[in-house]
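**Q** Protein chains in written order, with this note's numbering: chain V, 2 to 167; chain B, 13 to 430.
Since the hints were derived computationally from the structure, they do not count as laboratory data.
Think of the CB as a built atom: it goes at the ideal place given N, C-alpha and C, for glycine as much as any other residue.
Do not rely on the hints blindly, as some may be mistaken.
Short, incomplete list of chain V residues facing chain B, as computed with Cβ under 7 Å [said to hold, decoys possible]:
no., residue
1, Asp18
2, Ser22
3, Tyr25
4, Leu30
5, Cys65
6, Val144
7, Phe164
8, Asn165
Below, computed lysine to aspartate or glutamate pairings styled on EDC-like, alpha-carbon distance capped at 20 Å [to be verified]:
no., chain 1, residue 1, chain 2, residue 2
9, V, Lys147, B, Asp263
10, B, Lys91, V, Glu106
11, B, Lys20, B, Glu216
12, B, Lys165, V, Asp44
13, B, Lys395, V, Glu106
14, B, Lys395, V, Asp31
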Amino acid sequence: MLLKGKAFVFGNDINTDYIISGKYKFKTLDMNELARHVMEDLDPDFYEKINKGDMIVAGSNFGCGSSREQAPLAIKHANISCVLASSFARIFYRNAINTGLPVIECDTSQIDDADVLEVDLQKGIVYNKTKSMEIPVTPLPDVMIKILRDGGLIQHFQKHGDFNFD
Amino acid sequence: MGKTISEKIFSQHSGEDVYAGDLVIARLDFVMGQDGTAPLAIHSFNEMGGKTLFDPSKVAFVIDHSAPSPLEGVSALHKLMREFSHDKKLLLYDIGDGVCHQLVPEQGHVVPGDLVVGADSHTCTYGAINVFSTGVGSTDLAAAMISGKLWFKVPETIQFRCEGILQPGVFSKDLILRIIGDISADGATYMAAEFTGEGIAQMEIEERFTIANMAIEMGAKAGLMEYDEKVEAWLSGRTQKTPRPVAPDPDARYHEVKIYDLRQLEPQVACPHTVDNVSPLQEVENLPIQQAFLGTCTNGRLLDLEVAARILSGKKISRDLRFIVAPASRAVYLEAMNRGIIQTLVEAGAAVVTPGCGPCVGTHNGVPSDGEVVLSTANRNFKGRMGNSKAFIYLASPATVAASALTGKITDPRSVLA
Numbered sequence: 002m003l004l005k006g007k008a009f010v011f012g013n014d015i016n017t018d019y020i021i022s023g024k025y026k027f028k029t030l031d032m033n034e035l036a037r038h039v040m041e042d043l044d045p046d047f048y049e050k051i052n053k054g055d056m057i058v059a060g061s062n063f064g065c066g067s068s069r070e071q072a073p074l075a076i077k078h079a080n081i082s083c084v085l086a087s088s089f090a091r092i093f094y095r096n097a098i099n100t101g102l103p104v105i106e107c108d109t110s111q112i113d114d115a116d117v118l119e120v121d122l123q124k125g126i127v128y129n130k131t132k133s134m135e136i137p138v139t140p141l142p143d144v145m146i147k148i149l150r151d152g153g154l155i156q157h158f159q160k161h162g163d164f165n166f167d
Numbered sequence: 013m014g015k016t017i018s019e020k021i022f023s024q025h026s027g028e029d030v031y032a033g034d035l036v037i038a039r040l041d042f043v044m045g046q047d048g049t050a051p052l053a054i055h056s057f058n059e060m061g062g063k064t065l066f067d068p069s070k071v072a073f074v075i076d077h078s079a080p081s082p083l084e085g086v087s088a089l090h091k092l093m094r095e096f097s098h099d100k101k102l103l104l105y106d107i108g109d110g111v112c113h114q115l116v117p118e119q120g121h122v123v124p125g126d127l128v129v130g131a132d133s134h135t136c137t138y139g140a141i142n143v144f145s146t147g148v149g150s151t152d153l154a155a156a157m158i159s160g161k162l163w164f165k166v167p168e169t170i171q172f173r174c175e176g177i178l179q180p181g182v183f184s185k186d187l188i189l190r191i192i193g194d195i196s197a198d199g200a201t202y203m204a205a206e207f208t209g210e211g212i213a214q215m216e217i218e219e220r221f222t223i224a225n226m227a228i229e230m231g232a233k234a235g236l237m238e239y240d241e242k243v244e245a246w247l248s249g250r251t252q253k254t255p256r257p258v259a260p261d262p263d264a265r266y267h268e269v270k271i272y273d274l275r276q277l278e279p280q281v282a283c284p285h286t287v288d289n290v291s292p293l294q295e296v297e298n299l300p301i302q303q304a305f306l307g308t309c310t311n312g313r314l315l316d317l318e319v320a321a322r323i324l325s326g327k328k329i330s331r332d333l334r335f336i337v338a339p340a341s342r343a344v345y346l347e348a349m350n351r352g353i354i355q356t357l358v359e360a361g362a363a364v365v366t367p368g369c370g371p372c373v374g375t376h377n378g379v380p381s382d383g384e385v386v387l388s389t390a391n392r393n394f395k396g397r398m399g400n401s402k403a404f405i406y407l408a409s410p411a412t413v414a415a416s417a418l419t420g421k422i423t424d425p426r427s428v429l430a
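When you get a sec, could you build the whole thing from the sequences and use the hints?
**A** Next comes the structure, spelled out in structure tokens:
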């Protein structure tokens with residue numbers, strides 16, 4: 002799958018409270034409603050600026066804090082195609098894979114706001130078109146590739162009825 | 013080759029001889045979800061085609077994050093949890109019962125040697141009683157509810173060797189804040205932390221919970237401690253389950269060993285807007301605060317309320333602030349009432365709210381206003397955490413919060429603890 006979009010650059014330690022605030026996430030399971038508030042405490046107009054396919058780019062420890070799965074879901078429903086970060090917090094990383102949001106661990110230090118990026122998930126390549134630069138990607142663990150291939154953990158269970166990584 | 017606590021628990025629960033880095037599918041002893049995560053887990057459970065739980069006696073839901081419900085939308089989600097719980101015959105703790113991470117160990121659901129997941133990041137709390145427990149998201153919880161299993165990567169371990177004992181007026185909260193300040197918010201990501209040494213052995217179990225609770229704030233998957241006679245005594249009368257204590261081997265391999273001399277530690281404060289932005293208290297001393305909060309899964313236990321009552325006994329809080337108290341559970345609340353602790357706090361000017369998470373997580377019961385400064389015993393001070401992104405949250409020990417409630421500004425508890 003080839004993803005293409007513009008980069009929105011954030012810093013280090015972007016926690017899940019910033020991604021979707023607790024004051025919203027307890028109210029509803031309507032992810033399209035939650036998506037309107039994505040990253041609101043860091044940039045109140047963020048949702049309005051997103052064009053379908055755009056990407057969130059961050060530094061280290063993206064998704065730290067609360068285990069809320071509403072965080073990757075809100076990002077996905079805000080039409081963000083993937084998140085690139087130099088590292089991810091553990092629970093967010095699992096939640097993203099389980100819900101089918103592509104997360105890419107790579108050196109993000111050479112990506113600036115509004116750079117146009119292309120991500121080839123199959124080949125594991127990030128291409129910064131604005132800077133004509135190719136960025137190598139840390140490969141996903143095998144188990145996660147299998148879950149992603151099924152479309153997420155829900156689909157994995159629909160297919161196998163249990164964990165099946167053979 | 014010797015094993016860490018994590019390597020032993022994952023070996024026992026996967027039936028394989030595993031070490032850090034190995035991937036396992038492991039059997040779970042208990043799983044938990046709360047009202048911020050369980051509704052989505054129910055959704056995932058149904059989507060997955062789930063019909064029955066792997067073992068209803070090993071699944072608990074806790075309504076604590078917005079309890080009692082402040083909004084219609086929340087009420088609908090609570091209703092969904094109640095109906096699902098009734099239908100599947102799982103354990104439901106409803107409003108007023110308490111915060112999930114107090115209830116799960118307090119009610120005897122987990123014992124040493126267990127492997128536990130909860131759809132809440134502070135599930136790592138039970139590591140204080142030698143349980144490998146870790147936070148997951150809602151879909152992982154759903155998979156666990158159906159299968160009784162989950163996949164894990166066996167983590168490497170950082171050992172924190174705590175030598176000496178804390179000085180009066182310095183608490184386990186100060187220690188864990190200092191550690192997080194040193195190692196940073198992602199210093200232990202993907203790893204387990206083991207806390208060991210005389211300093212831990214001397215602590216009461218409630219103080220140990222505070223440390224294990226905050227392991228996630230340095231990115232750790234678990235915050236583990238060893239079994240000892242204090243854990244044994246604490247468990248006595250709480251549970252029918254048999255503990256299977258797990259100790260690390262002397263030749264276990266650690267990613268890193270860090271040594272802390274507890275005798276040298278001073279009161280600490282985490283400053284806005286990250287938990288690892290930690291300073292010695294003296295650097296922020298006398299900063300005016302408008303709200304003090306005592307409670308949460310970090311510091312809402314009996315010892316925490318007791319030290320606050322000791323400081324506030326016969327006194328009144330500053331007129332310049334509000335002081336909110338949320339006991340961690342109904343049992344804590346009742347015991348604090350029996351001992352006159354609640355009486356003391358209320359007489360001093362505290363507003364006591366229902367046991368639960370509300371103020372900490374910004375759902376209700378104490379949302380600060382723009383520009384206000386809050387001093388809290390919670391575990392997170394992220395911008396917006398308490399429901400207002402224009403407020404400033406500082407984190408400290410219950411003694412520091414109580415001493416500061418007295419003066420209206422950040423105050424060293426050693427100045428009021430005779």
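**Q** Now, for every hint given, state plainly whether the structure supports it.
**A** Each hint tested on the structure:
1. Asp18: At 4 Å from the nearest chain B Cβ, Asp18/V passes the 7 Å test, so the hint holds.
2. Ser22: At about 5 Å, which falls below the 7 Å cut-off, the nearest Cβ of chain B leaves the hint on Ser22/V intact, so it holds.
3. Tyr25: violated (10 Å)
4. Leu30: This interface hint holds because 6 Å falls under the 7 Å limit.
5. Cys65: Holds. Min distance 6 Å.
6. Val144: holds (6 Å)
7. Phe164: OK, holds: Phe164/V within 7 Å of chain B, min 5 Å.
8. Asn165: violated (10 Å)
9. Lys147/V - Asp263/B: Roughly 35 Å separates the two Cα atoms, so the pair is violated.
10. Lys91/B - Glu106/V: Violated - the C-alpha atoms of Glu106/V and Lys91/B are around 39 Å apart, more than 20 Å.
11. Lys20/B - Glu216/B: Cα-Cα ~25 Å, so violated.
12. Lys165/B - Asp44/V: violated (35 Å)
13. Lys395/B - Glu106/V: violated (25 Å)
14. Lys395/B - Asp31/V: violated (24 Å)
The structure does not agree with the numbered hints 3, 8, 9, 10, 11, 12, 13, 14 stated previously, though it agrees with the rest.
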